[in-house]
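2 protein chains.
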Amino acid sequence: MPQAKTSRRQLLSESILFASAMALAPHVRGVDDAKRKIGFCVVGIGSLAKNQIIPALAKTENAKLVALVTGHAAEKTPAIVEKFGLNPKSVYSYDNYDSIKDNPEIDVVYVVLPNSMHPEYTIRALKAGKHVLCEKPMANTVEECQQMIDAAKAANKKLMIGYRLRHEPFNMKAIELLRGGSLGKIKNIDAGAGFSIGDPTQWRLNRKMAGGGSMMDIGIYAQNACRYLSGEEPVEVMAMTYSTPNDVRFKEVEETMLFTLRFASGLLANCTSSYGFGVNRYRVTCEKGMVESEPFLSYKDLRLFAKMPGKREREEIVLEPKDHFGAEMDYFAECLREGKEPRTPGEEGLRDMRVITALYESARSGRAVKVGG
Amino acid sequence: MPQAKTSRRQLLSESILFASAMALAPHVRGVDDAKRKIGFCVVGIGSLAKNQIIPALAKTENAKLVALVTGHAAEKTPAIVEKFGLNPKSVYSYDNYDSIKDNPEIDVVYVVLPNSMHPEYTIRALKAGKHVLCEKPMANTVEECQQMIDAAKAANKKLMIGYRLRHEPFNMKAIELLRGGSLGKIKNIDAGAGFSIGDPTQWRLNRKMAGGGSMMDIGIYAQNACRYLSGEEPVEVMAMTYSTPNDVRFKEVEETMLFTLRFASGLLANCTSSYGFGVNRYRVTCEKGMVESEPFLSYKDLRLFAKMPGKREREEIVLEPKDHFGAEMDYFAECLREGKEPRTPGEEGLRDMRVITALYESARSGRAVKVGG
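Here the protein sequences line up with chains A and B, keeping their order.
Position 201 (the first sequence) corresponds to 492 in the working numbering; numbering is contiguous.
Position 95 (the second sequence) corresponds to 386 in the working numbering; numbering is contiguous.
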């Protein structure tokens, strides 16, 4: 939707949302289930939740905010409670988190916590009978990813990993162009994701909480893009890392990782991950053309270019942008309504984690490492 | 110079050149040595010599074509002899190559042969008392590079390796911007050089003659660019190669090599080399800006961009182009006149070969490899 119209539409949809929240008391559910908005409980009110995810819930068509979980309710929730017309009882702490099971308004728990907390809060939500949308990276180890998948199966609930770019139009269009066939076989991918990270005290720079450095947080976008752009799985990887000596930010985790992925078909991809400098692009070189995007992962103002067969120059592809998180939540809501498996289920997070585990092992050992099965 | 004016200027400079050749008989040398054009003998009249180097000699200010060496004089030389007013006795075969020592018009031998022939023809030229300009890659092994350097020292003659980009304005400007200091420290380099190679019978696809595949011929540009852009030496490398199975072009040599260079300062560079697809760019990300070029290695129409400190967008830097080979030969002639060491001496070719040797060893072993000292 055009940026200029956002605030008017936002106000409008907030009014509708508020009215809906009032109208849709539990007893009317099932009567018109296909139209009912899916209730989301956001766990962890950090900057991502506060600045992106919760605002997006004011604009979603199929999803609505119904609850919050935070350790700092007094500071963090009053404005949100008021804006979204939440029931004050739907603000949970980490102490009474499991009682979400008694709140029928909550269909989905969206886990927006530090990486190390993803498994516990995902599994507890599943045990409480809720579907889970969990931020990337899914967890800090392959084993934890598997435990989360197993918990979803045991609970017979859906688990989706929050790969927002799989729900936004520019990246979806890139995939469509590459799958269309007219560009021919993919010959090479070059992808990089990085930014200069700030506050040295943040959890992302704490190894125990983040599980690693730039690769876990931002490099995962480059790696994941290689997978969704090619539609293939890496079988072998090589990586080198670097952290600026004496930089207080990188005492525990890597600043930069450069890595190469070898895919099953033989395709090689060169990737960059960094907390030390900005990079936000990919180029997919095909037999008969090229698709590239820069920036490809920013929250807005994405740009996509394609050199189609027979053309000398690349051309820009202009698309109507969408709020990535809003689109992601609407999509998950649609999956729940229609009983379909999301395109980024737990297994997708697990696959990324297998690759990332191999990357760290390669950087550590100085050897090419096969991606674990 | 503007492209449109080339042909008129070319004609003009050819006339002057012809007149000079007539005027500068050996006996007048030394009288006005600073103005005398340096005589070049081109060895190997393949497409590079025929389409780039010899035409460039019609436009050089300090260099002139005085002799040719070829195994196919009857087919390849008459038009050149006529155009440049060469003495027909100055067309040598590989059989009487060593008699170039008796031709005082020849100051420099420019070796444009297949890679495997570089050492022999360079060393024989040095022994004949000539300076040598040798095409990149210098040789197929580090040992041969060292033998060539030793031969130059023994003969007290200069040896320069033909890194044409070190003499063309766009790449020189990129170096200048990066050394200027205002962009701050270099944080990352991403460089790729590749094209889809044609004729499967050409010597570049023959391991014995070429010494390797895309990395020896085109990937060397990406690797060398990382070195001249950073002004640093790689200390450790990792590489992965791929060749399309059953592609007749890649029976002996690698199609694609993706590689990572770790420099002494810790800087990491990600590079691409390919005979399977086109890539022709670098981006140097600095603390306070960015320099990028695409294409950076084509014979013409290079483009250079920089994002300078405080700017939001990159800006294009428009420069007067120069013929790369002409500039290279003029520069070597200037080195000879002024007795200065060229900026790409044999040691520069040797350094590249050390890195390339480590890259092949890494690709073969699947391990990070230290660059040999």
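Hints should not be assumed to be uniformly reliable.
[Stated by the list, open to error] To list a few chain A residues with every Cβ distance to chain B over 12 Å, as calculated:
1. Phe375
2. Asn394
3. Arg470
[Stated by the list, open to error] Within a straight-line C-alpha distance of at most 30 Å, the following computed DSBU-like cross-link-like pairs (lysine-lysine) qualify:
4. A/Lys602 x A/Lys591
5. A/Lys341 x A/Lys579
6. A/Lys542 x B/Lys542
7. A/Lys579 x B/Lys542
Treat the hints as calculated values from the structure; they're not laboratory data.
Ideal Cβ placement from N, Cα and C applies to all residues, glycine included.
Going through the hints against the structure:
1. Phe375: Holds: least Cβ distance 35 Å, greater than 12 Å.
2. Asn394: holds, 46 Å
3. Arg470: holds, 19 Å
4. A/Lys602 x A/Lys591: At roughly 28 Å apart (the allowed maximum being 30 Å), A/Lys591 and A/Lys602 satisfy the hint.
5. A/Lys341 x A/Lys579: violated, 44 Å
6. A/Lys542 x B/Lys542: The hint is violated at about 47 Å.
7. A/Lys579 x B/Lys542: It holds: about 23 Å lies between the C-alpha atoms, which stays within 30 Å.
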